[in-house]
Amino acid sequence: MDIKDIIKPENRVYGKTPLLTDNVMHYCPGCSHGTVHKLIAEVIDEMGIQEQTIGVSPVGCSVFAYNYLDIDWQQAAHGRAPALATATKRLHPEKYVFTYQGDGDLASIGTAEIMHACNRGENIVVIFINNAIYGMTGGQMAPTTLIGMKTATTPYGRDPKLHGNPLKITELIAQLDGTCFVTRQSVHNPGNVRKAKKAIRKAFENSMMDKGTSFVEIVGTCNSGWKLSPVQSNEWMVENMFPKYPLGDIKDI
Amino acid sequence: MKIKRTDMAEKILMKGNEAIAHAAIRCGCDGYFGYPITPQSEVMETLMEEKPWETTGMVVLQAESETSSINMLYGGACCAKKVMTSSSSPGISLMCEGISYLAGAELPCLVVNVVRGGPGLGTIQPGQGDYFQAVKGGGHGDYKTIVLAPSSAQEMYDFVDLSFELAFKYRTPAMILADGIVGQMMETVELRPIKPRISNEEIIAKYPWATTGKPQNRKQNVITSLAMDAAVHEKLNQNLQEKYKIMERDEVRFETVNCEDAEHLIIAYGCMARICESTVEQARKEGIKVGLLRPITLFPFPTNEIKRLVPQLKTIMSVELSAGQMVEDIRLAVNGKVPVNFFGRLGGIVPSPEEVLDAFKQSISK
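Respectively, the protein sequence lines represent chains V and S.
In the working numbering, each residue carries its 1-based index in the first sequence increased by 1.
In the working numbering, each residue carries its 1-based index in the second sequence increased by 735.
Honestly, the hints are just simulated from the structure, not real lab data.
Since the structure is predicted, the reported quantities are computational estimates derived from the model, not experimental observations.
What you were told as hints is all true, and nothing was included just to trick you.
A short, non-exhaustive set of chain V residues, derived as facing chain S with CB atoms under 7 Å: (1) A88; (2) T89; (3) R91.
By construction, the Cβ of each residue, glycine as well, lies at the ideal position given by its N, Cα and C atoms.
Produce the entire structure from the sequences given, and follow the hints as far as they go.
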């Protein structure tokens, strides 16, 4: 049988969503960002809301998210994405507005912005990538870095007396009256990819229901920062990250 | 102060800060985002009392900080909405990061600074010590903002609309640099005819760069101040500088009083220009040929007008509520051709016209 006989629409089992551009991603092989980008692109495509969606990209590895998702983007100053999203959603209530933020951006420098946007109950979606390290700047300690974890700024391991404690910001966010859906997901295997996509879809749908903020944390890998292979990173994440950052819905109203 | 809404032009007694709020509603502003700070809190208080979201649809939001306020402006400006904030000196310092991003991303917005005394927490009394911050940039990088300096409640009102016009014309942040006196004093203000807010459809047609949602038939719009390629980044910076040159050519605004036969010139802006007007009047009565130049735009600065006047002048004096900031730009314009003197008070102390007159007479007798 010739290959041409196989490549037919009726045999197609998977296709790249057109929302994902053809630009080569700058992310390291094994990084979770690419998978999460794809899930968001698929959700926007499947909901048919490309023209109604405005993304806000952060400072950090995912600063270039606009190179990969074919929608309109605002690129925010470090930590300030929820402030941009607040104004955009209030000025355009008919749009789907989401922020895409890492742990340094959301849980360190942008703590005030995320807490208050969520507490006001802005009808936005927050996608929060927690890989417990600063990837873009070269692997320094993040607010979510685990105790004992070695980074460029905790070369002997994170010591709570010296560096403070890992911040479970998602649990804090869930306490705020303005949030309607707070969940923690991962994308390290097909089952969890499917669950994460479902959560992202639900978050986008919530943003038109006037229910408040939807917050989706994805516990992800940074194998370059962690200095592990992609496979080892997934194993390390399951063994070390999940006990501290357990998966599942924390709040769903 | 809540006022009855009419489409008619009418005169109402109000504070300069209240004038900012009423002007915003009436000139079609889409959103105000701010954080309380003395001496300008009446701006947001008036907006909240007026409830423009029920009439024009304007969004008014009290943010968690000045940092958030300015970044809310960034988000709104990305959508080509007319967005503004107001604050006072320490709050503006917090906003400088955001203003730099707005300038870098070439976004229009209005920032009102009702200046108080600094540095640090300083005082809540009026000051003009933020001149350098306003006209030289304030945040990081090579950028400028258009800076308008009102000296009356009427100008507080009128400069809101003018600032938006200029901000959108040049895709740049505009700043109203007022002071505690202009913000707090009450004067009659003529309300201008109402301008409606522009619709989303008009925005898409007029501002094709805005993040309004990507339809199938156009490329995505990305608003960023980031350019990793050195050549691209240099070009972006050169474009900014070109824009500032055009502003310097086309947008200089100033007012002169008694300058035709002047042998001496006092230069002052904002509240100090009002005081110096009286000083000039008294000096003229004493037979001293002195004029007043009031810069209305601080950037672009009326450099050429000062240069034009220099040949007829014996001295110039800059009068400021600072340790001497604008005087440096005057000296650059004068280039050593005549003596440039300075008189200023600090700590929120506002000199009387007589005190300025004494200082002026002393300066010309040197």
